[in-house]
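Novice: Please model the complete structure; the sequences and the hints are all you need to start from.
Here is what each chain is made of, one letter per residue.
2 protein chains.
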Amino acid sequence: MQKESLKTKPISVVLLGGGNVAIQFAKNLLSHPFAELVQIYARDLSQLEVLKDETKKTDSLDDLVSADIYIFAISDKSINEVSSHPFFQDKFVVHTSGATAVRELVPHKNGVLYPPFSLSKELDVRFKDQDFFIESQSAEQLELLQNIVEGFGAKSHLVNSEQRLSFHTAAVFVNNFTNHLYALGMDLAKSADIPNEFMEDLLLKGVQKSLLIGADKAQTGPAIRGDSQTMKLHLANLDENKKNIYKILSESIQKRYDKKL
Amino acid sequence: MQKESLKTKPISVVLLGGGNVAIQFAKNLLSHPFAELVQIYARDLSQLEVLKDETKKTDSLDDLVSADIYIFAISDKSINEVSSHPFFQDKFVVHTSGATAVRELVPHKNGVLYPPFSLSKELDVRFKDQDFFIESQSAEQLELLQNIVEGFGAKSHLVNSEQRLSFHTAAVFVNNFTNHLYALGMDLAKSADIPNEFMEDLLLKGVQKSLLIGADKAQTGPAIRGDSQTMKLHLANLDENKKNIYKILSESIQKRYDKKL
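Those sequence lines, one after another, are chains A and B. The first sequence maps to residues 1 to 261 in this note's numbering. The second sequence maps to residues 1 to 261 in this note's numbering.
In case anyone wonders, no lab produced these hints; they're calculated from the structure. Treat each hint with caution, since some may be false.
No more than 27 Å apart at the CA atoms, straight line, and that leaves these computed lysine-lysine pairs for BS3-like [as the list claims (entries may be wrong)]: (1) Lys190/B <-> Lys209/B; (2) Lys217/B <-> Lys255/A; (3) Lys77/B <-> Lys217/A; (4) Lys190/A <-> Lys243/B; (5) Lys205/B <-> Lys128/A; (6) Lys232/A <-> Lys247/B; (7) Lys27/B <-> Lys217/A; (8) Lys255/A <-> Lys217/A; (9) Lys190/B <-> Lys128/A; (10) Lys232/B <-> Lys77/A; (11) Lys247/A <-> Lys243/B; (12) Lys190/A <-> Lys232/B; (13) Lys77/A <-> Lys109/A; (14) Lys128/A <-> Lys217/B.
Listed next, the stretches of chain B that the computed footprint assigns to chain A, with coverage defined by at least 3 CB atoms under 8 Å from CB atoms of chain A [said to hold, decoys possible]: (15) 19 to 32; (16) 108 to 120; (17) 142 to 153; (18) 224 to 234; (19) 238 to 249.
C-beta atoms are modelled at their ideal positions from N, C-alpha and C, and glycine is treated no differently.
Specialist: As structure tokens, then:
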């Protein structure tokens with residue numbers, strides 16, 4: 001491993017962006033063993049105040065310096081526009097987005113360096129031992145991406161734009177939507193003076209069971225039992241919004257297991 | 001504690017039911033320090049084959065013996081009908097249902113002994129250290145229920161029928177529905193050849209984050225960001241059923257945080 005690292009020549013990096021993803025990339029690049037963060041671009045420099053002063057910062061695309069790779073950690077909707085700046089014409093640019101196809105990057109030399117894990121303001125995330133989904137059109141650029149990821153102490157996986165979008169969509173179901181259902185369930189319990197700890201226990205044990213025996217075997221509840229009496233009692237207890245969610249998810253459960261059982 | 005147990009006189013119990021809940025109650029009652037399981041009733045005696053032979057079994061309500069308490073671990077829809085049998089007229093009957101009101105038990109002396117945790121075929125569950133939601137109309141019967149729960153080594157909580165229904169409804173959101181979303185997410189990932197481990201990791205880390213900082217602070221994703229471009233990309237990737245679920249949950253997230261943010 002060390003031999004591998006020694007023969008890797010330094011990689012100069014320019015990072016673009018001022019949000020959570022950019023800040024986490026910046027912090028991890030600053031302690032990277034052979035990648036050098038030579039410049040950070042953000043439209044609003046105040047976003048970069050959390051970073052050390054020695055980092056070279058700019059708020060103008062016209063001031064960008066030359067580098068081996070330009071990492072776009074900007075909002076999805078700006079990727080196409082910013083990458084169409086003439087400066088990037090012959091540069092190697094990658095974005096870090098889960099849902100955006102690699103072709104949204106205008107220049108020909110492009111790729112993706114996507115962290116399939118959550119990056120938030122609250123918490124610094126070390127990239128060590130994490131996974132990255134990478135994509136590129138040439139073997140040379142792919143090797144450069146693999147080297148960067150390896151330098152983080154992380155693992156790279158070749159994932160194309162279609163697969164990455166599917167993963168990103170799946171993550172909304174598994175992560176964002178389950179979190180929302182948890183919020184709704186907590187509301188119901190709270191309004192009935194049921195202490196949080198009961199709900200927390202349910203959530204954790206439910207997930208442990210799903211992971212242990214698989215979601216299909218772990219599915220329980222009135223919908224899969226066809227227990228319409230209980231479903232009626234539950235529905236009578238819900239506001240319009242929760243009622244709609246209850247109905248559509250119960251129908252989805254019934255469709256899934258009627259077919260399979 | 002031991003002093004308490006010594007002064008507790010034996011409690012004779014008749015259990016009704018042959019499903020998962022009844023079997024788990026039977027097993028835990030058979031090792032209870034001072035409750036004696038004197039009889040089990042099931043419509044179909046073959047359901048009780050997993051239990052030791054010394055347990056007295058019957059499939060006729062007319063053969064029921066006298067006991068201090070009758071625990072109904074039968075299906076919700078049979079509670080009302082079975083409890084209307086003349087035998088129970090002056091007996092203390094309790095059910096174990098989450099959604100059924102205590103008044104569904106026809107006789108006047110009634111109560112609830114509800115385990116707010118999942119009982120499945122796959123796995124024997126010891127009641128020790130678990131929680132029970134109990135309900136009754138007289139102090140004497142409440143004490144009997146508390147003694148049974150204490151003998152399990154479990155904790156009892158006074159929870160009325162309305163609260164219990166809210167908890168049971170909340171559990172569907174937090175447990176059954178989140179499990180289903182996990183199943184749908186796994187399908188999406190599988191169809192894109194994304195290994196399960198990525199989804200499992202997402203699920204577990206998401207839940208840990210919700211528990212740590214609370215579901216409202218933990219909410220992320222395109223809906224709360226108002227990122228309609230990404231939502232369009234996701235929706236284009238989904239079948240009708242997943243599309244409907246995606247839309248209704250995204251709208252619910254937007255409603256919740258538009259109001260509050």
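Novice: Among all the numbered hints in the text so far, which are the ones the structure does not match?
Specialist: 2, 4, 12, 15, 17
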